[in-house]
Amino acid sequence: MGNSTSNTLAFVDDFDATRPGLPGADLSWLKDIREAGIERFSDLGLPTPKLEDWKYTRLRPLEDTVYQPITEEDGMAVIDHVPSLLPDPGGRPRLVFVNGRMRPSFWIVGDLPDGVHLEYLRDVLMHTPEWAEAHIGRLHGDAEGQSLVALNTAMMDSGFVLRVDAGVKVEQPLEVVFIGGLTDHPVAYFPRNLIVLGEGAEATVVKHYVGMGVGAYFANTVTEIDIGEGARLNHYKVQAETLDATHLSTTHVHVAKDATYEYFNLSIGGRLSRNEVSVRLEGEGAHAGLNGAYLMRGSEHCDNTTMIEHLAPHTTCREIFKGVLDDQSRAVFQGRIIVRKEAQGTDGHQLCKTLLLSTGAEIDVKPELEIYADDVKCSHGATTGQIDETALFYLRSRGIPEALARNLLVQSFLGEALDEISNEEVRLAFTDKVLHWLPAACFLSEEWRDV
Amino acid sequence: MLEIKNLHVSVDGAEILKGIDLSIDPGEMHAIMGPNGSGKSTLSHVIAGRDGYEITGGRIIFQGEDLTGMEPEERAAKGIFLAFQYPVEIPGVANTTFLKEAVNAIHRFKGEDELDAMQFVKIMRAKTKELGISDDMLKRAVNVGFSGGEKKRNEILQMAVLNPTLAILDETDSGLDIDALKIVAEGVNKLRAPDRSMLIITHYQRLLDYIVPDKVHVLAHGRIQRTGGKELALELEENGYAEFDEAVA
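These protein sequences, in sequence, are chains A and B.
Residues in the first sequence are numbered from 2 upward in steps of one, following my numbering.
Residues in the second sequence are numbered from 10 upward in steps of one, following my numbering.
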């Protein structure tokens, strides 16, 4: 056994007891991949800083806290409102999970066009298991070998499935809310999400991972995305977990010819978080925009790891990540761009900028370009700095109090990343989240939106 | 209005201002001229309250109050305005938003009601019209993508909206061609008022062709070396600052 900790053992030991309660217990193919997953996980153990990709992120919360698999009771924790990210959910389609248990009473089916199917994974396993079998675990490369993915495969207990048929476009953002916390003991939950867009389809998905109340929990999520020819997916995520939570997310995306994948991740809460996104640009003209902002304080740790692989000619990517770190917080950005020999005419740009608000905060940035083609435009840049004292003086000399001036400069700094969110409604909602993260004396958001 | 008495200022232990005395009455316009490195910008920043300067002696009295130790925002609320030599770009924040926050912060400081959107728009319309500035400039992010002339006009607009008692213009002419210089000077002249004093900091005389000061001071080596009327500027144009080098040597 690789790197066993009490937790590794707890997950593995509990597996036999947990399995009958997991979705699709009667499906033999699922039983097989779950078993393979738990075996793989017990072999590998949790990732450690000895692995190159985990050099800067140590999973300490998984070493010092013992998490229990969730029970039906944990999932039924009383909540008085659903923290929807988008204003006025009204009839907007929405799925809600609490501690990894679906809560149909908060489900809004909404008015979806024909050909758009937003469902719970559990329901898909029940009603169209053959579709699920064909789409779960299609991760590329050696992803199945990653221990966290293997653990998710073994334990997947929740998650959603979005299917959009060829040529169908759905404009309104579809929201999925994952609520964690509200338990009196540490729990772990394992969402598995699948998004499949047919040729020429378009959709916008907003995932809101949010902690309520207090409590330690561990969310280990895996999302598999397949974007068909000429299709477009806007995939937005807010990770606003509790201060005791650990959030580990792995996303794998396949982008076909002339298709677009737009991703934005806003990390604003969690003791330890890692959002790992891996994109394959498989067809000519495929594009990926991977962007994000991370705002951390206290002793929070946030890791964004991205990998974009150009496999076809004239594929393009653009990455902008911006971070604001206060107190003793720590962030990691690892961005790898691989351009295969056949991907001539690739255009790739990556930028990571971090603003340190305190001398105790720390960022580790690791950009990596691996280029095997010769006709390629690729660039990357990284900067780390403090609040510009001249800009601060400029604002204060106009009468703006120091605290407000600092907030304003942080907002100004993050604007370049937030601007990458092409859906306006989502951009405004994310901007509000940023404003609420800032210390009191907030700038008026409606005003700031004018720009 | 403004009285500076025997002001000594150091930066990182090096003394930059070595005993400045300066007195400006209400409605007066003074010009401070001097060679590079004479301490002109230091003086303007110290009056506005920028961090990083150590006042080792003397006082700055503004309307009977000692400014030393006061935060920059407090000085702004009390009526001091500094037009920057290099106005700062603030991406993602609209000019109007910035100005509204500034105006309302000053109102709050004075214990006055904040302006609502309508009142603010009304003031902005009046000021832009008065100065011949397009609305477009208001919607754009603060100074982002502005030409040198636009940046300086934006400073003048901010001055008009914040309505200060003492306006300090730090090298306002730098980086401007003659047309832009004229437009900016025109704006400054429009804002002259009996209850508003101005302090113009400049290296060159040419700005003073368009803005006529009541008094001209020559600052060199951290001290005011000479004070005179507007004709002193012309004399400097002719002879340069060489004589003040010798004065010290």
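I should point out that these hints are in silico values taken from the structure, not numbers from a laboratory.
Glycine included, every Cβ here is placed at the ideal spot set by N, Cα and C.
One or more hints might be untrue.
Stated by the list, open to error - Far from chain A, by Cβ distances over 10 Å, these chain B residues were calculated:
(1) K14
(2) N15
(3) I25
(4) G46
(5) R59
(6) G78
(7) E80
(8) I99
(9) E110
(10) N198
Stated by the list, open to error - Looking from chain B toward chain A, a few residues come up when the C-beta cut is under 7 Å (computed):
(11) G22
(12) A23
(13) A57
(14) P81
(15) E82
(16) A85
(17) A86
(18) V97
(19) P100
(20) A114
As the list claims (entries may be wrong) - These stretches of chain A come out as covered by chain B in the derived footprint (C-beta under 8 Å, 3 or more residues):
(21) 94–103
(22) 307–316
Does the claim that B:G46 lies outside the interface with chain A hold up, using a Cβ gap greater than 10 Å?
holds (19 Å)
Do the numbers back the hint for B:E82, that is, is its least Cβ distance to chain A under 7 Å?
OK, holds: B:E82 within 7 Å of chain A, min 5 Å.
Beyond 10 Å from each Cβ of chain A, as asserted for B:R59
violated (5 Å)
B:A57 as an interface hint toward chain A, with CB separation required under 7 Å:
holds (5 Å)
Would the stated hint for B:G22 survive a check requiring a Cβ distance to chain A of less than 7 Å?
Check failed: Cβ of B:G22 comes no nearer than 19 Å to chain A, outside 7 Å.
Taking 10 Å as the cut and beta carbons as the points, is B:E110 off the interface with chain A?
It is violated; B:E110 is separated from chain A by about 6 Å at its closest Cβ, not greater than 10 Å.
Is the interface hint satisfied for B:A23? The criterion is a beta-carbon contact with chain A at less than 7 Å.
violated (19 Å)
Verify this label for me: B:G78 is non-interface relative to chain A, using a Cβ-Cβ cutoff of 10 Å.
The claim holds: B:G78 sits with its nearest Cβ about 15 Å from chain A, beyond 10 Å.
Take the region 307–316 of chain A, compare each residue's beta carbon with every beta carbon of chain B, and decide whether three or more fall closer than 8 Å.
With 0 residues close enough to chain B, the hint is violated.
Could you check that no beta carbon of chain A comes within 10 Å of the beta carbon of B:K14?
Given a closest Cβ separation of 23 Å, the condition holds.
B:I99 remote from chain A - nearest C-beta pair above 10 Å
violated (5 Å)
Restraint: B:A85 near chain A, CB-CB cut 7 Å. Satisfied or not?
holds (4 Å)
The structure is inconsistent with the numbered hints 5, 7, 8, 9, 11, 12, 21, 22, although it conforms to all the rest.
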